[in-house]
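K.L.:
Quick one: dock chain against chain with the hints and give me the complex.
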Amino acid sequence: MAVCVAVIAKENYPLYIRSTPTENQLKFHYTVHTSLDVVDEKISAMGKAVMDQRELYLGLLYPTEDYKVYGYVTNSKVKFVMVVDSSNTSLRDNEIRSMFRKLHNSYTDVMCNPFYNPGDPIQSRAFDNTVTSMMVPAC
Amino acid sequence: MSPTQWDFPVELCCRPMAFVTLTGLDVTFNAVHRAIWDAFCANRRADRVPISFKVLPGDHEYPKCRTKRTSYEWYIPKGILKTGWMNKHLNLVPALVVVFYELDWDEAQWKEKQSECATRVEIVRQSLQGRNTKVAVVLIQKKTPLPPGEDMIASERAAALCNACDLSGKSLFVLPHTDHLVGYIIRLENAFYEHAQTYYYTEIRRVKSHKEFLNKTTHQLLFVRHQFKIAFFSELKQDTQNALKNYRTAYNLVHELRSHETNMLEIKTMAGFINYKICRLCFQHNTPLDAIAQFRKHIDLCKKKIGSAELSFEHAAWMSKQFQAFGDLFDEAIKLGLTAIQTQNPGFYYQQAAYYAQERKQLAGHLCNHEASVAYPSPDPLETVNGVLDFYGQRAWRQGILSFDLSDPEKEKAGILALQLKEIEVIHSELIISLLSNAVAQFKKYKCPRMKSHLMVQMGEEYYHAKDYTKALKLLDYVMCDYRSERWWTLLTSILTTALKCAYLMAQLKDYITYSLELLGRASTLKEDQKSRIEKNLIKVLMNESPDPEPECDVTMVKTAQRLWADRVSLAGSNLFTIEVQEFVPFVQCKAKFLSPTFHVDSPVELHVYLRTDCPHPIRFSKLCIGFSNQEYNQFCVVEEQYHASEILEQSTQGTMCLVPGKTRKFTFKFVAKTEDVGKKIEISSVDLILGGDAGRCVILNWRGGGGDAASSQEAVQASRSFKRRPKLPENEVHWDSVAIQASTMIVSRVPKISVQLHHEPPALNNEMYCLKITIQSQETTVIRDVKITAGLKPGQDANLTQKTLVSLNGAELCDDSSPALLTDIPVGDLQPGGKIEMPLYICCGTEGTRIFLVYVSYLIETFVEDRQIICKCHKDETVTIETVFPFEVAVKFVSIKFEHLDRVYTDIPFLLMTDILSTSPWALTIKSSQLQLASSITSADQLESHVENIVLQTGESASECFCLQCPPVVSNQTGVATGCYVISWKRSSADNSVPVVNTMITLPHVMVETIPLHIRADLPSFGRVRESLPVKYHLQNKTSLVQDIEIAVEPSDAFMFSGLKMIRLQILPGTEQEMLYNFYPLMAGYQQLPSLNINLLRFPNFTSHLLKRFLPTHIFVKPQGRQAEEDSIEAA
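Chains as they are written, first to last, in the working numbering: chain S, 3 to 141; chain V, 175 to 1307.
These are calculated hints, taken from the structure and not from any lab test.
The reader is advised that the hints may include incorrect statements.
[To be verified] Cβ-to-Cβ under 8 Å is the rule here; a few derived chain S residues that face chain V:
hint: 1; residue: L28
hint: 2; residue: H31
hint: 3; residue: Y32
hint: 4; residue: D39
hint: 5; residue: V40
hint: 6; residue: P116
hint: 7; residue: P120
[To be verified] Keeping only pairs whose Cα atoms sit at most 35 Å apart, straight-line, the calculated DSBU-like set for lysine-lysine is:
hint: 8; chain 1: S; residue 1: K79; chain 2: V; residue 2: K285
hint: 9; chain 1: S; residue 1: K44; chain 2: V; residue 2: K705
hint: 10; chain 1: S; residue 1: K104; chain 2: V; residue 2: K705
hint: 11; chain 1: S; residue 1: K79; chain 2: V; residue 2: K596
hint: 12; chain 1: S; residue 1: K29; chain 2: V; residue 2: K621
hint: 13; chain 1: S; residue 1: K29; chain 2: V; residue 2: K285
hint: 14; chain 1: V; residue 1: K705; chain 2: V; residue 2: K648
hint: 15; chain 1: V; residue 1: K645; chain 2: S; residue 2: K12
hint: 16; chain 1: S; residue 1: K104; chain 2: S; residue 2: K44
hint: 17; chain 1: V; residue 1: K641; chain 2: S; residue 2: K12
hint: 18; chain 1: V; residue 1: K701; chain 2: S; residue 2: K104
hint: 19; chain 1: S; residue 1: K79; chain 2: S; residue 2: K44
hint: 20; chain 1: S; residue 1: K12; chain 2: V; residue 2: K619
hint: 21; chain 1: S; residue 1: K44; chain 2: V; residue 2: K509
hint: 22; chain 1: V; residue 1: K618; chain 2: S; residue 2: K12
hint: 23; chain 1: V; residue 1: K509; chain 2: S; residue 2: K29
hint: 24; chain 1: V; residue 1: K285; chain 2: V; residue 2: K344
hint: 25; chain 1: S; residue 1: K12; chain 2: V; residue 2: K701
hint: 26; chain 1: S; residue 1: K29; chain 2: V; residue 2: K344
hint: 27; chain 1: V; residue 1: K619; chain 2: S; residue 2: K79
hint: 28; chain 1: V; residue 1: K648; chain 2: S; residue 2: K104
hint: 29; chain 1: S; residue 1: K12; chain 2: V; residue 2: K621
Every residue, glycine too, gets a C-beta built ideally from N, C-alpha and C.
The following block holds chain V by itself, in its conformation from the complex (with noise of 0.2 Å):
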């Protein structure tokens, strides 16, 4: 019996496909033969028809058929299925012989030939007798054959031939070795594949025949095994669907058998292979469900199956073959497109087939617990004829044995004894493993992520069984922190107890330890005597003793690991084990923290490190060291502890490394910081606590960072939510929740003890010196030296800004561009104690807006920290804003001689520009002088002096300006000609006179210039009084170099009578000017208006009166008629 009994065999698991044997080929000489072989052989792709072919001699002996029962009534099966039938019908018995033989239709010696070809049609048909068998002549020619009817000869001859070898025309074949060989070769197969087909139809009638003659007593068996072979049949046929309807059948026919314990095992497995094939099929037909469905009824009507219970190992075994079969039927399925989901996948039928291998294994430990002493039997019970079974699933010893009664117990239980020997030499773990392997990979595959842990878990327990310590502690440590992250310390605990069994079996020191450490946690599950067990063995480990066994294991394998811890007690060296501690739940906790987030450079840097242990028994280090980021400090925080080693357990708690349970431990340092590392971190890196001495081994417990370890951040948290009161604990002892690690401090400067305060007006004015002024005083009790100052616009504001903030130290003069925005470390010098130091600072903003100064003294100081004198560097800043706004806004505009506004002006005629100065300083501003600058293009009409020199203007004032300009003919353009600027030279009132005057210069506005052709002037009163002569006279002047024709009408008014040329036209020379007398005598009193004048150029037809009008008074105000009296004072006037 091989160790893969349980596995299925062969032609059971192929594809059944329709079996052809060629004759006549001679392979190995004939490379015409040869080419044709490889075309049938070479490249089958799914698109060829399924046959599988087979190169037989003309003579091959095919199996003897047995002669026909006529009668079932006396016949009594033997077993359900033969195990060699299926072979038989793959690969011996085939569907169809095809006779290849070489002659053309014009050969010379025809008759010859013929008769050959037909001995040798015979010779098969003799080989063949009583199977229905086809057979085939293939006529391989050298010459490619004419269209039908055409070859009178090859039709006649081929007739003769059919029958002289007594052939249907349909299985003779004619193949032509020409260039279209493979083409040949796939018409002549699909020919054969019909045949075949034909061939499989009879062989399943001729079955089904048989059912006729069965009764249901005696031919149970025959009832499955003649279903079987249908289906089987109808496989080879590829008639997929009538197969599976018939495996059905036959497998509710197998479930029908009356069984017993002795014919169980065939029942089963008969049940199990047509399963397979239902499965497959169903797989196949891509009705998966189905298939899952049929699986699950096979195993709940097998399941409790369980057959003899001496050999119930055998039970399990055949149900674990169930499940893996099936998980590569569905893997297999998988792979050819079908989608799995997280639920129903492969990974649960190798989980199950593997949870049967372990049972198969207990049971086979149980049930095959034979002493030494107990022999193989003699025969062997398991030995057969032929060193096969006849029938599928029957005993080597009662083959074809159908009773139930035991004809021969002894025989029995030899066969029963063998058969557990055999199982003893089984390694199960393999097949656990190799099963559960398989199962991981596909839970891998659809997401269990836990699943998949549990399962190398479990392979992980079956290394450790199967002694294979170091794949098993390599599995488990790497589940290890999965559940340790997700916190299922049961679990936990449980995988950690089998590691340590390892790293004990295996004399593995480090993972000893480590595990050790754990396990004695607050994470390990374990009962306190396991705890104390563990704890007392760690502590041997740390005297290099050797620890006592765990317990539940391996005798043999615990004397091997005794050996191998002796060795490691005598071995010295690497006795010194670095365990970072964090990624796991060590039974010491650790938390580091500085007292403050900051620490003043002179004042001493504290550090508290709490410890706590959580083993049953107090437990002494020799060592608490603590890492920082600045190496320098690691000197300052060492607590070292000198002790025996035997003193290790004592129970002694004075000790300062001696931890009691449960109790927190404080450890208090203090160390002075450098100056250099103010404005640094100072970082705890690491927290190394040492376990063991010199004497024996030394263990090295790191913590990176304040410590903490894989459970502290959730128990903080929880411990943060709890509302639970903490109970009272004695002064000096704390609570573990309540101490917060802080793995990091800064290191600031000392405090500085002196004033600086700033004086100054705001807001500023633009462009003026504005004056900061800076008083320091000095509040230390010793001198302060080298003080410096920056100051400054404070650097990371606006970039334009800084291009438009000066500053200077010298008010006196005005800054120029070179100046820059922050005075850097001025040197103040130093300074007494109670010293005062005022210091100016001129700040000149080019552009309006907020600005930000900053003000920084820094000094240096000797003091004492710890009686350790330092030098300390201590600033101060002090920053300000400061609003910039204009001290004063500008009003220009231009207006004629009358005051009136002007949008242009005109050539050569005099008009106005007033400047209006509106102070918007808070402060009072005096402007020292102004200046009218004109351009080029404008000259004045007078002189021009300023009339607001040395005036003060307080907020709101203004003060106002007018200058008589003229411009002089230019050619102009669209925007208007340039008038100049206007400077005006200001301070603040209450500066100092050292401070320089800005001068702010306002340019003018341009203004459009336009040339007339001609100018009126009118000269008239102020006003006119009723019915009195009122005298008007218009000056005209021809302003071109042209002489003019001018046309002059007056409109009537109804205001007033006129005396003058009421229409008139006449002509101006260039360059002169012509007057025209008005009389006017107004007849209402009031606003009036004047009779107006309708000037009409002849030569500039554009040039409208209209425009011309601007220039003349509209109105005249009319007094009435007054008494003498008041005519009189008027005259007098």
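Only chain S is shown next, with the shape it has when bound in the complex (with noise of 0.2 Å):
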């Protein structure tokens, strides 16, 4: 389960962060804002790729002492990041993608929202409620 998951807009301001209350919640925004320089090279070097049929999920962007990292990155170069605790090893890399791609799926429906303006801050409760579903419980 993650400790932090993240919505970043097309031009990378973030449009969406949620970790665990019980950590600093600075660190979790450093993380994902260094792990965008990490996206940027990824979505740069596919660029050059086919760009109709690429894959949206970036895999491990990183891997630090104690969080691994993951990315993901829509069509419209919206980019979700994840942030998984290291010692959390039940973790496959698939799961991490269906993780997403529901991510994805809550994302598409906010966009869908007539009243949420592409580019504003989410606050939806249902994303909320699907986030909170793929986080760590607090305790």
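P.N.:
Shown next, in the form of structure tokens:
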């Protein structure tokens, strides 16, 4: 289960960041922000390849001592970043993938809301619930 | 204990090389020996064998060898690895001792010398007793040796010397010091290297042989020690593959050791050493992934081995060192050609090292927080007998004690306290910052700008903790804009908060104000109470008071800061600050807009400035002024309000300069533009909003252009996308998002109130004086003055058009080439209200095509704007597109007298020139006259008078003329002869009489002239009648100066009978004519072929009768025989 989930706009500013309240939020903000270096690099490397049928899941961005950071980028260049505890070895790549897919679906629902203005911070209860279901329950 | 206790020992980090000592060399006084030594040690490139040489005296005492243990049964090791062991084998115990001795084969006193040499060898052997170290002898000789086998004395004496010294033949060398010294030395050292390898091989065997005596219970430490030694000897032997294998085994053995709090440090130290060696060798073997994998395994295994909780900072320090060392190795490998990638580069290891250094600092701060009264224990538990530990990683106060129980808890306590007190003295921040800056350098290299920024923030924060606020501020300020431009407001706020603390602690006024402005702004994610506190502080600063200290600041530093602030207060001057707010997100936003993108000069320029604040409390500004590109307008756009300093926070919202948070305030300005600025742009160059007043400090918030800040453009985009309905606001309030900046406006001239009309009859005809009637009528209410007209071809068209277009006001005569294409500033004078001017303009277009003509009327008028009289210049322009066409087409053809088409004419034979003028003008044309101007080569056969004078041609009508011409004999050429030209004088039928006639000259085509020797002409009636005689006379004319012999034959025709000479040969004299008479008798009615005349000129064989036939009729119409009555009527006719 994730310890931090973030949605980053095309222009690389945060649309949504949630992390486990037990830990230093600022640290996760920095982790997500720095991971964008790798996301950017991966996207630009992909730009050369075929654009249509590309894989949205970017895989493990980089491992730190304590966390693993995974990335996912939609066709409209909105990025999802998920931070998972390194000690959590039960999470397979496939599970991460399906979590991202779930997140993407939920994000699509947010976008479909006519009252949501693309580019604004996400303030949706449904999206919140989806994220909560993926997060490590706060104890 | 030095502060570098965590650093790896030098002997571990260096590349082990075989150790060889050279004795018997006097490098100070003997030049030869010096040269030999230099050849050994100088210029040791990578292609030379890896040996470290040392010069020692012959009687040097080598470390004593301990007596060999025969049994390990009762032996209990005291530690894993002795601290001196590596150094001993690198620098003290040689693999080979070389004895240099000067001796030539033909030495006179051979016996004596030989025994002296043997003694020297013996001395060396003595001091190496018990060791396997090899001994070799090098004889330094003056003479070049003879090839082997030739010098009998040499081989004999060499054998004797070997015997005397107890040496094998392989250990005796000869070194002639001749020209090729370096070459000999290289051969020598290769030989030494072989000896050294043999030595290390035997050493490895020796250590391995101990293994069988060991048992797993008591000798666990020895397993590690021996394995390490084997690996190290392998390295000395330059067998890196086996070294790596043995180090790996050693590494596994280390982790098999029973660990306890007491020996944890020793195990970790050794594990760290071996890991270092493994990683180093992996990088050396170019298998970086193995190195990384080994390192990860190492970290995973050791991460949790914290050891004593009271000394947990030691674990952090050790971890930090592990990462740093790996980062160094990685970096080293990259310098030697390894390529790293974005996600796997040394930066991550330095970053992690820094992270552990931070943890170390925290733990140290936590654990070593002793009272000042706690004294350093005495006697010093960290002191050892010789200043160093016996074994790596052991505690000074219980060296060699293997028991896990603490025999002396008091001593243990003192030791821990000593370590803790030592730890306080470590300057952690320095370590952290240097690691961070290493990481920054790496991330910069591997395209990680955000990671770099993050580390720089950490560096800044570390400097803040280290109380170096200047450096902290510099770093934080540097990265702030990155976070701001990427709009990570949470992170920006955190950085700003630290920066504000730094600015406060240094009492940096301008920085303090700048950071406050942004922390109060909408980008700040601070809580309302924090913002409120900052705003109050800001107001205090503005009133020239000291602000309250920032929370969580170091108490002692706050005291210093308060003193600094007090100094600032008392110090007058420099209380005016200009802050460029465009670069960040201040708490007050500004948008300035001209109400229209253009203003007429006779109406006032209107300008709105909108301000809005986001701070928690209402705030009062003292002045708002706007700067323009033309500074003369600045004076009109200033709002100022005098108030007393104490009122600054008063809740009165009546004052115009007091801004209530979240409410948009509009300021309206109006000014009259200067008439000189007509056609120019007026731009808002700056908006200055002044906070604070004369009494306290004064801050000028400066926006360049029409306002906006680092976040506003994105906000505008978002707002424009939004579908949300904006809530209704009271009448005079506006929505901030709905205001768009309009920073420039154009001053345009007053709208003219005149009409300009153009009358003309298009299209224009080529070369005619085309009349364009301009009618100007004033609709102004007052007199307009200085009316000027500029008329003609509109500039900016094809340059050829300018050449071929002439404009004139005088229509009575044709334009000449001096007339311009555009008449400028024709003065017309004044015009009364309602007055009207008409003016014809004549245009002469030399080529057909489309042209655009411009009529531009300008005038001056006096008018009033906002009670000010100004003289406005107004202008109106009209353009008209005029097509120019040819008025007519002229067709010319040459025909024979018989109106047959001619493609060439014959000398002296008359022909006709026919002209045909076809009017293509939509308007009626009057042809005044026409004239044929013949060239000299052509003469007219009769009078040349015009047949088309004063003819009016409507569209599509044509007028034809016919001239009979003759061509006298000329020397003809390829192109023929010029015939002259045809001039048509014409005008538009509708034009006045005064309008001149246009002469259009048409050049007639050239004609080919040919001379013929014989001309033949037939006289025959226009028709014949069946069965009635038809007399035909042929005239043959000799055109040459020769007598012509001619054969004539008449070919019979079915339609005719004929009488006359059927075949004749005759002569014609030059210039004379011969007549031939025939009587044809038609037999059939209809268009019948005449009997043809075949003429053959004997003198001109080329001249065929075919050509001559052109002059003769071929057919004739034969009427049938009519009745008598008809016949009579015909005869009557």
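K.L.:
Each of the hints needs a verdict: does it hold here or not?
P.N.:
Evaluated hints:
{"no.": "1", "hint": "L28", "verdict": "holds, 6 Å"}
{"no.": "2", "hint": "H31", "verdict": "holds, 5 Å"}
{"no.": "3", "hint": "Y32", "verdict": "holds, 5 Å"}
{"no.": "4", "hint": "D39", "verdict": "holds, 4 Å"}
{"no.": "5", "hint": "V40", "verdict": "holds, 6 Å"}
{"no.": "6", "hint": "P116", "verdict": "holds, 7 Å"}
{"no.": "7", "hint": "P120", "verdict": "holds, 7 Å"}
{"no.": "8", "hint": "S:K79 with V:K285", "verdict": "violated, 93 Å"}
{"no.": "9", "hint": "S:K44 with V:K705", "verdict": "violated, 40 Å"}
{"no.": "10", "hint": "S:K104 with V:K705", "verdict": "violated, 39 Å"}
{"no.": "11", "hint": "S:K79 with V:K596", "verdict": "violated, 53 Å"}
{"no.": "12", "hint": "S:K29 with V:K621", "verdict": "holds, 21 Å"}
{"no.": "13", "hint": "S:K29 with V:K285", "verdict": "violated, 84 Å"}
{"no.": "14", "hint": "V:K705 with V:K648", "verdict": "holds, 24 Å"}
{"no.": "15", "hint": "V:K645 with S:K12", "verdict": "holds, 34 Å"}
{"no.": "16", "hint": "S:K104 with S:K44", "verdict": "holds, 22 Å"}
{"no.": "17", "hint": "V:K641 with S:K12", "verdict": "violated, 39 Å"}
{"no.": "18", "hint": "V:K701 with S:K104", "verdict": "holds, 33 Å"}
{"no.": "19", "hint": "S:K79 with S:K44", "verdict": "holds, 12 Å"}
{"no.": "20", "hint": "S:K12 with V:K619", "verdict": "holds, 25 Å"}
{"no.": "21", "hint": "S:K44 with V:K509", "verdict": "holds, 25 Å"}
{"no.": "22", "hint": "V:K618 with S:K12", "verdict": "holds, 23 Å"}
{"no.": "23", "hint": "V:K509 with S:K29", "verdict": "holds, 32 Å"}
{"no.": "24", "hint": "V:K285 with V:K344", "verdict": "holds, 22 Å"}
{"no.": "25", "hint": "S:K12 with V:K701", "verdict": "holds, 28 Å"}
{"no.": "26", "hint": "S:K29 with V:K344", "verdict": "violated, 69 Å"}
{"no.": "27", "hint": "V:K619 with S:K79", "verdict": "holds, 25 Å"}
{"no.": "28", "hint": "V:K648 with S:K104", "verdict": "violated, 43 Å"}
{"no.": "29", "hint": "S:K12 with V:K621", "verdict": "holds, 19 Å"}
Violated hints, in rising order: 8, 9, 10, 11, 13, 17, 26, 28; the structure is consistent with all others.
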